[in-house]
Structures are given as C-alpha cells and as structure tokens.
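Peer 1: Quick note on numbering: UniProt numbering labels position 4 of the sequence shown as 4, and the sequence is numbered without any gaps.
The hints are simulated quantities; they were obtained by calculation from the structure and are not laboratory data.
Check the hints yourself; a few may be wrong.
35 Å max Cα-Cα, derived DSBU-like pairs, lysine-lysine [unchecked claim]:
hint	residue 1	residue 2
1	Lys22	Lys173
2	Lys192	Lys173
3	Lys213	Lys22
4	Lys156	Lys22
5	Lys173	Lys213
6	Lys156	Lys213
7	Lys213	Lys192
8	Lys162	Lys22
9	Lys173	Lys156
10	Lys173	Lys162
11	Lys192	Lys156
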Amino acid sequence: MTEQPHDQFFGKGAGRMDAIAKGPFAPIYPVIARQAIQTSGIREGRCVDIGCGPGHLALALGAASSLEIDALDASGDMLAIAEQNIREAGLTDRVHPVPGDVHDLPYDDGSIDLVVSRGSLFFWDDRVRAFSEIYRVLRPGGRTFVGGGFGTSALKAEITAKMREIDPEWEVKAAERLSRRNLDAVRQDLEKAGIAACEVREDEAGFWIIMRK
C-alpha cells in the first residue's frame with residue numbers, strides 16, 4: 001500500500017498495517033478482487049499488485065483466479081510480511097513478493113495483463129509518471145483496476161466506524177483522498193500522462209481507474 005518512504009509503511013508501521021488489513025479491512029479484499037476480475041474480464045495471465053503492502057489483495061486475487069501475481073512494494077518490511085502471508089495462504093506457486101517502485105516498474109513493455117492497486121496512489125510522488133509506467137507495461141488487451149475503493153458502501157461504512165475508534169484522524173484523511181478535488185487531480189494527471197483509453201469509475205464506495213490497451 002505504499003510507494004514512498006512514509007513511516008507507516010516501514011518497521012513497526014508495516015506490522016500495524018498488516019494488523020489493520022487482517023482486522024477492519026479484511027472483508028474488502030475478496031470483494032475488490034472479484035470486482036477487478038469481473039471488470040477486466042481477465043482471470044489468467046500476469047498480474048501486478050502495485051503497492052501491495054502485506055499482500056492481502058494479491059492473495060484474494062490469487063484465490064479467485066488463475067493469475068500469476070507479483071505483489072510489488074517499495075518497502076522491504078512490507079514485503080517480508082507479504083511473503084509470510086503468502087506462505088500461510090499456500091499460494092507461493094502463484095503469488096510472488098517483488099521489490100519495486102511504481103515510478104520505475106521492473107517489467108518489459110507490454111508484459112502485464114492486469115495491474116491492480118488499492119490505496120497506494122495517494123502516496124505516489126509523481127502520479128503522471130506512475131500512470132505512464134503502468135500503461136507502458138500493459139499488454140494489448142490489458143486492463144487496470146487502480147484506485148481507492150472499499151468494495152461496497154456498506155463495507156465502507158463498517159470500516160469507517162471501526163477505524164474511527166482506532167484512529168480519530170483516519171476518517172478525515174480518507175474523506176480527503178476520495179474528495180472531488182482529489183478525483184479531479186487524478187483525472188488531470190491521467191490526461192497529462194496521455195492516457196486516453198481510460199475511465200475513472202466512481203461510486204459510494206470509492207473510485208477505480210480502468211485503463212485499456
């Protein structure tokens with residue numbers, strides 16, 4: 001869930017994020033995985049989960065499809081936790097922790113069928129460059145499912161209530177990330193990156209960027 005050296009993604013912060021992902025956020029990953037597969041129509045091939053954090057979305061995708069998935073993150077601490085979670089889930093044959101940065105993806109042009117990411121784009125240093133990199137690595141026919149959704153409005157409300165007790169500031173930060181101002185900035189960055197074949201889908205649970213190649 002990270003692409004910058006923010007404290008919450010390293011050291012003890014990585015462990016706290018894993019605990020939250022296994023706690024309040026746990027129900028969203030299977031839902032988002034199904035949405036990504038249904039929206040893209042891609043159930044096999046190569047997938048990358050950018051800013052994977054502890055790897056829970058990558059694991060949900062692995063359980064729901066035949067995809068070969070790279071769980072990519074810039075934080076070695078996150079990847080160590082993701083590797084353990086992958087082993088415990090019994091998915092080491094198809095889900096692989098990979099060190100990497102969205103601004104310089106370690107993949108050849110046109111080599112990835114599906115790119116997913118939940119929550120990491122809010123921490124990217126340069127979204128224009130990141131969007132360009134994501135589009136570069138997509139294969140013809142490839143798709144993205146990148147954004148900040150919570151799966152359903154009911155899940156969003158449930159998580160908000162739980163996170164309000166854990167971190168009183170979380171709700172304000174989440175609202176800003178899903179604000180009209182931020183969504184407009186995301187659309188502007190997609191335009192600057194020259195990506196015409198894309199849409200930003202909004203609903204009460206958040207938003208997703210769907211690129212097509």
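Peer 1: Confirm or reject each hint.
Peer 2: Do the hints match the structure? See the list:
no.	hint	verdict
1	Lys22 x Lys173	holds, 20 Å
2	Lys192 x Lys173	holds, 25 Å
3	Lys213 x Lys22	holds, 34 Å
4	Lys156 x Lys22	holds, 16 Å
5	Lys173 x Lys213	holds, 32 Å
6	Lys156 x Lys213	holds, 30 Å
7	Lys213 x Lys192	holds, 17 Å
8	Lys162 x Lys22	holds, 13 Å
9	Lys173 x Lys156	holds, 14 Å
10	Lys173 x Lys162	holds, 15 Å
11	Lys192 x Lys156	holds, 31 Å
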